[in-house]
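*Asks:* Turn these sequences into a full structure, and let the hints guide you.
Going down the list, the sequences are from chains A and B.
Counting in this note's numbering, the first sequence runs from 20 upward without gaps.
Counting in this note's numbering, the second sequence runs from 13 upward without gaps.
One or more hints might be untrue.
[Claimed, not checked] Listed next, the in silico DSSO-like pairs over lysine-lysine satisfying Cα-Cα at most 27 angstroms (straight line): (1) Lys-95(B) to Lys-105(B); (2) Lys-65(A) to Lys-90(B); (3) Lys-78(B) to Lys-151(A); (4) Lys-99(B) to Lys-116(B); (5) Lys-95(B) to Lys-152(A); (6) Lys-65(A) to Lys-116(B); (7) Lys-86(A) to Lys-78(B); (8) Lys-99(B) to Lys-152(A); (9) Lys-99(B) to Lys-65(A); (10) Lys-116(B) to Lys-129(A); (11) Lys-65(A) to Lys-86(A); (12) Lys-151(A) to Lys-105(B).
Since the hints were derived computationally from the structure, they do not count as laboratory data.
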Amino acid sequence: MKMKRGKPKVDIPSVAMGDIAFNLLIFFVILAQSQDDSHIQWTPAKADNLKGAGYTRVTVTIDKDQKVYLNGQELSEGQLASRIESNLGDAPAGQRKVMLKAHSDCTAAKFEPVIEAISQAGGELVHILEDKKQK
Amino acid sequence: MKFRRSTKLLVDVPAVASGDIAFNLIVFFLVCASTQPDTGRSQILPKSEQTQEQKEQDEHLTVDLKRNAILINGDPVKVSEVKARVKAKLAGKSRPDDRVVIVKSTDDVPYHAWIEVTSQIEDAGGIITLQLEEERTVDVPQ
Chain A
20 MKMKRGKPKV DIPSVAMGDI AFNLLIFFVI LAQSQDDSHI QWTPAKADNL
70 KGAGYTRVTV TIDKDQKVYL NGQELSEGQL ASRIESNLGD APAGQRKVML
120 KAHSDCTAAK FEPVIEAISQ AGGELVHILE DKKQK
Chain B
13 MKFRRSTKLL VDVPAVASGD IAFNLIVFFL VCASTQPDTG RSQILPKSEQ
63 TQEQKEQDEH LTVDLKRNAI LINGDPVKVS EVKARVKAKL AGKSRPDDRV
113 VIVKSTDDVP YHAWIEVTSQ IEDAGGIITL QLEEERTVDV PQ
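*Replies:* Dropping the structure here:
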């Protein structure tokens, strides 16, 4: 008499599927944060009566060496207005926020042309500052 | 002869998923840290104008910012007095055009000083207009 050998049951291990899916989700969330300017060194100026700045597609930063960055990429002041304008596109009023992160000690020679460029591009300027009451 | 039955069971905390848990915690705090909301002051900027008549500028309140001094219509004031002085000068002026304050800064004025003074002007009801070197103006309605 011949015994028939049963086919071995092969399953893909599905115990860790939840973990894998969650990790993939987090991975893409981090990738989606394209405006990574965490490498830029700057200190915010302090002021009173601040409000939440919300979120925007366009951030202009002036670092401690007075270099100008748009969404984390260094560029010259001459390019700034056109680049902001193209980033803002046809966004309606109220959705044309441009965050300005200027180093506390940067001088008017640097930040005023930047403000002018934001103005020319039709941006709604938000100065990113630190509350005086903190610390 | 009696054999003693061992009743003690070996109980281990399941440690298989510890690596996953630790990794997820790291990622969670990383995401929290990178999405911390910013705070600030908003200024709505219309497009800048190339020139403006000198006569019109003369009619408005002018704040000159220098590295170590603040002048309102030529009179030196302390930083702490700016709000009160601007408020007094703008008293009784209700039309937005009358509340325009022209801010002229020298190249060496630091941003923290500029933001402190312009914040006080806005808090006093002024509408800031920047006068830049190349005779360009930026209107900042409140």
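*Asks:* Determine for every hint whether it applies to the structure shown.
*Replies:* We went through each hint and held it up to the structure:
no.: 1; hint: Lys-95(B) to Lys-105(B); result: holds (16 angstroms)
no.: 2; hint: Lys-65(A) to Lys-90(B); result: holds (18 angstroms)
no.: 3; hint: Lys-78(B) to Lys-151(A); result: holds (23 angstroms)
no.: 4; hint: Lys-99(B) to Lys-116(B); result: holds (19 angstroms)
no.: 5; hint: Lys-95(B) to Lys-152(A); result: holds (19 angstroms)
no.: 6; hint: Lys-65(A) to Lys-116(B); result: holds (21 angstroms)
no.: 7; hint: Lys-86(A) to Lys-78(B); result: holds (23 angstroms)
no.: 8; hint: Lys-99(B) to Lys-152(A); result: holds (24 angstroms)
no.: 9; hint: Lys-99(B) to Lys-65(A); result: holds (22 angstroms)
no.: 10; hint: Lys-116(B) to Lys-129(A); result: holds (14 angstroms)
no.: 11; hint: Lys-65(A) to Lys-86(A); result: holds (20 angstroms)
no.: 12; hint: Lys-151(A) to Lys-105(B); result: violated (31 angstroms)
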